[in-house]
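Asker: Sequence:
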Amino acid sequence: MSLLHFDGANNSTTFTDQTGKAWSRVNTPTISTAQSVYGGASGLFFSTDYITTPDHADWDFGSGDFTLEGRVRPDSTGTAEGLFSKTQVAGGYSPFTLYKTSAGALQFYMSSNGTSWDIASGVVLGTIGLGSWYSWAVCRVGGTTLWTFLDGSGTSTTIPGTAVVTNTELVALSRHGTVNFYGYMDEFRATKGVARYTASYTPAGSAFPDS
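In terms of the numbering used here, the numbers along the sequence shown are unbroken and rise by one, the last being 1331.
Careful: at least some of the hints might be erroneous.
Estimated spans, in silico, between C-beta atoms of each pair [to be verified]:
| # | residue 1 | residue 2 | range |
| --- | --- | --- | --- |
| 1 | 1224 | 1277 | 15 to 25 Å |
| 2 | 1139 | 1286 | 17 to 27 Å |
| 3 | 1313 | 1154 | 33 to 43 Å |
| 4 | 1148 | 1288 | 23 to 33 Å |
| 5 | 1144 | 1180 | 33 to 43 Å |
| 6 | 1281 | 1133 | 38 to 48 Å |
| 7 | 1145 | 1236 | 24 to 34 Å |
| 8 | 1145 | 1297 | 12 to 22 Å |
| 9 | 1281 | 1326 | 33 to 43 Å |
| 10 | 1318 | 1132 | 34 to 44 Å |
| 11 | 1278 | 1133 | 39 to 49 Å |
| 12 | 1272 | 1221 | 17 to 27 Å |
No lab work stands behind these hints, which were simulated from the structure alone. Note that the Cβ used here is the ideal one computed from N, Cα and C, for glycine as well.
Kindly generate the complete structure, drawing on both the sequences and the hints.
Answerer: What follows is the structure, given as structure tokens:
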């Protein structure tokens, strides 16, 4: 349903989604060849940069299985940062959010009502540090299990079986609320209806396939 390789020429301003979704730049994110995991390039985001794609039924996960995954390389420490979110309505809670605390803990949040993190609240994937690449993934399995992974090391958490709230807001990479990620991203993939990982695994040794 969404797949970005972050490939392209250095300083390119085009963020191509292999599924055809359109992503728009906010401020000055670019493709950079300075760092990459695969393909020789990645997305470079400074502290005010992010990209968005319009609301779509693909992002309405309900209570079903899904997988969110990608690679990140932080280039700042000591600040809270949003990495991925279905942007919340002002004063509300987004359906789902990936967030890094100022201490570097990568956390996942999910809401069924838009007023609280009642499905998942700060479920920790692990801790990420400055200047290294990390693989992350989040899977909902069978409605009531959330698997979270950092570099393939997984933890399962029991969650309510309620449906994820829907809204008509944008989906954003490198942002949640008013806080943004500072660093590089490579290989982002979202899959609806499939929990790709249900135990610890070895992260892929190549870019995600286009099909």
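Asker: Lying within 34 to 44 Å: is that true of the beta-carbon distance residue 1318 to residue 1132?
Answerer: Given about 36 Å between the Cβ atoms, the range holds.
Asker: For the hint 12 to 22 Å, verify it against the beta carbon of residue 1145 and that of residue 1297.
Answerer: holds (19 Å)
Asker: Quick check: does the Cβ-Cβ distance between residue 1313 and residue 1154 fall within 33 to 43 Å?
Answerer: holds (36 Å)
Asker: Quick check on a hinted range of 15 to 25 Å for residue 1224 and residue 1277, using CB atoms only.
Answerer: Between residue 1224 and residue 1277, where Cβ atoms are some 20 Å apart, the hint holds.
Asker: Between the beta carbons of residue 1281 and residue 1133, is the distance compatible with 38 to 48 Å?
Answerer: For residue 1281 and residue 1133 the Cβ distance comes to about 42 Å; the hint holds.
Asker: Can you let me know if the beta-carbon spacing of residue 1148 and residue 1288 is within 23 to 33 Å?
Answerer: Given about 27 Å between the Cβ atoms, the range holds.
Asker: Can you tell me whether the CB distance of residue 1145 to residue 1236 sits inside 24 to 34 Å?
Answerer: holds (32 Å)
Asker: Confirm or reject the claim that residue 1144 and residue 1180 have a C-beta distance inside 33 to 43 Å.
Answerer: violated (21 Å)
Asker: Determine whether the Cβ-Cβ distance between residue 1139 and residue 1286 falls within the hinted range of 17 to 27 Å.
Answerer: Since the Cβ atoms of residue 1139 and residue 1286 sit about 20 Å apart, the hinted range of 17 to 27 Å holds.
Asker: A range of 33 to 43 Å was offered for this pair. Does it hold for the Cβ distance of residue 1281 and residue 1326?
Answerer: About 35 Å separates the Cβ atoms of residue 1281 and residue 1326, which means 33 to 43 Å holds.
Asker: Is 39 to 49 Å respected by the C-beta to C-beta distance linking residue 1278 and residue 1133?
Answerer: Distance hint for residue 1278, residue 1133 holds at roughly 43 Å.
Asker: Verify the CB-CB distance for residue 1272 and residue 1221 against the hinted window 17 to 27 Å.
Answerer: Roughly 21 Å apart at Cβ, these two residues keep to the hinted range, so it holds.
The structure shown violates just one earlier hint, number 5.
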